[in-house]
Amino acid sequence: MSPRNAEHTPVPSRPKSVHAKSVLDPEWEDALRAGQAEDGEQGSVDAELAVLHLFRHVRAVEPLAPEALDQLWRAQIAPQITPVPWWRRRWLWGVVPVAASAALLVVVLRTSPDGTEVADATAPSAPLIAAASPSPASALERQFAQLEGDARRELGGNIDRGRGVLRSQLLAMASKGDTP
Amino acid sequence: MTMTRAARGWMSLLAGLVLGALLMLVGLAQAGRLAPSRPEVLVALAQTLEVEHQRVDLLLAQKDIAGAIAALERLRTTEWPDRAVAGEAAEQLRHDVYGRLLRLRLDHPKVDPRSPDQLAAIAQEGLGDDYKTLATNAFTARLVALRGEVSELRGDDDAALLAYDEALTMNRGLLQQALTGAAP
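Chains as they are written, first to last, in our numbering: chain A, 29 to 208; chain B, 223 to 406.
Heads up, some of the hints might be wrong.
[Unchecked claim] Partial pick of chain B residues on the chain A-facing surface, computed with a CB cut under 8 Å:
| no. | residue |
| --- | --- |
| 1 | 258 |
| 2 | 262 |
| 3 | 264 |
| 4 | 268 |
| 5 | 302 |
| 6 | 305 |
| 7 | 309 |
| 8 | 311 |
| 9 | 314 |
| 10 | 359 |
| 11 | 360 |
| 12 | 363 |
| 13 | 390 |
| 14 | 400 |
[As the list claims (entries may be wrong)] Example chain B residues on the side facing chain A (calculated, C-beta under 10 Å, incomplete):
| no. | residue |
| --- | --- |
| 15 | 267 |
| 16 | 269 |
| 17 | 273 |
| 18 | 325 |
| 19 | 378 |
| 20 | 381 |
| 21 | 382 |
| 22 | 397 |
[Claimed, not checked] Just a sample of chain A residues kept apart from chain B, beta carbon distances all over 12 Å, derived:
| no. | residue |
| --- | --- |
| 23 | 62 |
| 24 | 115 |
| 25 | 134 |
| 26 | 187 |
| 27 | 195 |
FYI, nobody ran anything at the bench for these hints, they're computed from the structure.
C-beta: ideal position from N, C-alpha, C; glycine also.
Start from the sequences and build out the full structure, keeping to the hints where you can.
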C-alpha cells in the first residue's frame, strides 16, 4: 500500500479537526482501506478516495511538490500524450509485410516461367514496345497475315479461270460429240 | 540485191508485231495469267486442297496439332503437277500447304519433332528450284520467310538474313502492287 497522502503537502492553515469523521478527516482514507482489507482486498476504493481528495482540494488547495508533479508527468501524462513516431506504430507491423507480399506476388505473376515478362493487356505501352522491335520472322508473319486475304482471292480467281477454261473445253467436246 | 523502201517498211512492221506478241506472251506468263495446258489438273488439285485445308482447320479447332501436322504431311506425298501442266496457281497452292506445315512444325516443335535439317529439307522441297521465276505472291514469300526461320534454327544466320531479305522484298512488291491497285 502506498503511504497515505504522500503527495500532499501539509497545509499549515488547515484547522484542526473539530468535527469527528468530517469529510476532510484523513481517517476516512484509513477507514476505507481497512474496510477493503476486511473484505479480502476485493473491489476498489479508488473512486471514493478520489472524491475525498476532490473535496479536500475544494476546501483548501493541495499543491503538488515539483518533484511529485514531474514524476506524475513522466510516469503517466507524457507517455499518453507524446505522439508515437510513424515507424513505431503498431499498424505498420501488419501493413508492411502485407504490402511486401503483394509486391512480390505482382512481380512473380507478371513474369512467365521462362523468365520473359508477360505483356499486360491493360498497359498501353506494351504493344507499342512489341511493335517497335519485332523479330524478322514475326514481322514477316504479320505481313503475310495482312496480304493473305488478297492473295487467296487472287489465287481463287486463277483457279476459277482454269475452271472456266475446263468448262469451255468440255462444252466444245460435247458439242463435237466427243467423250472426255 | 537491194530491198526497196516499201519492203523494208513491211519487214520492220512485221518484226515489230512479232516482238510485241512475244512480249505480251512473256508478260502474261509472268503475271500467271497464261491458262494451264491442263486446267482440269489445277481444278482437281484446288478442290482436293480446299477439303484438306478445311480438315486441318477443324483439327486445329479441336487442338489436335498432331492430327493437323499428319494431314499436311500426307499432302506432301501428293504428286504435285508441274507449272507447265497446271500453271503457276498450282505452285502457289503447294507453297501454301508447305508454309502451313512448316508454321505448325515451328510453332509446335515437340509434336512429331523434326530436326532443323529435316525442316530445311521440307522448305526446299516445297519451294522447288525455280520458285524465283514465279510471279511474286504472298504464299511463296511466306515460305521463303519460313526457310529463314529454319536457317536461324540451324544457326546459319547468313542464310536466314538472305531469306528474310528476299521475303521482305517480295512483300514490299506485293504491298506496292496493293497500293497501286488501291489508288484511284
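**OP:** List in ascending order the numbers of the hints, as given earlier, that are violated by the structure.
**Re:** Failing hints, ascending: 5, 6, 17, 19, 20, 26, 27.
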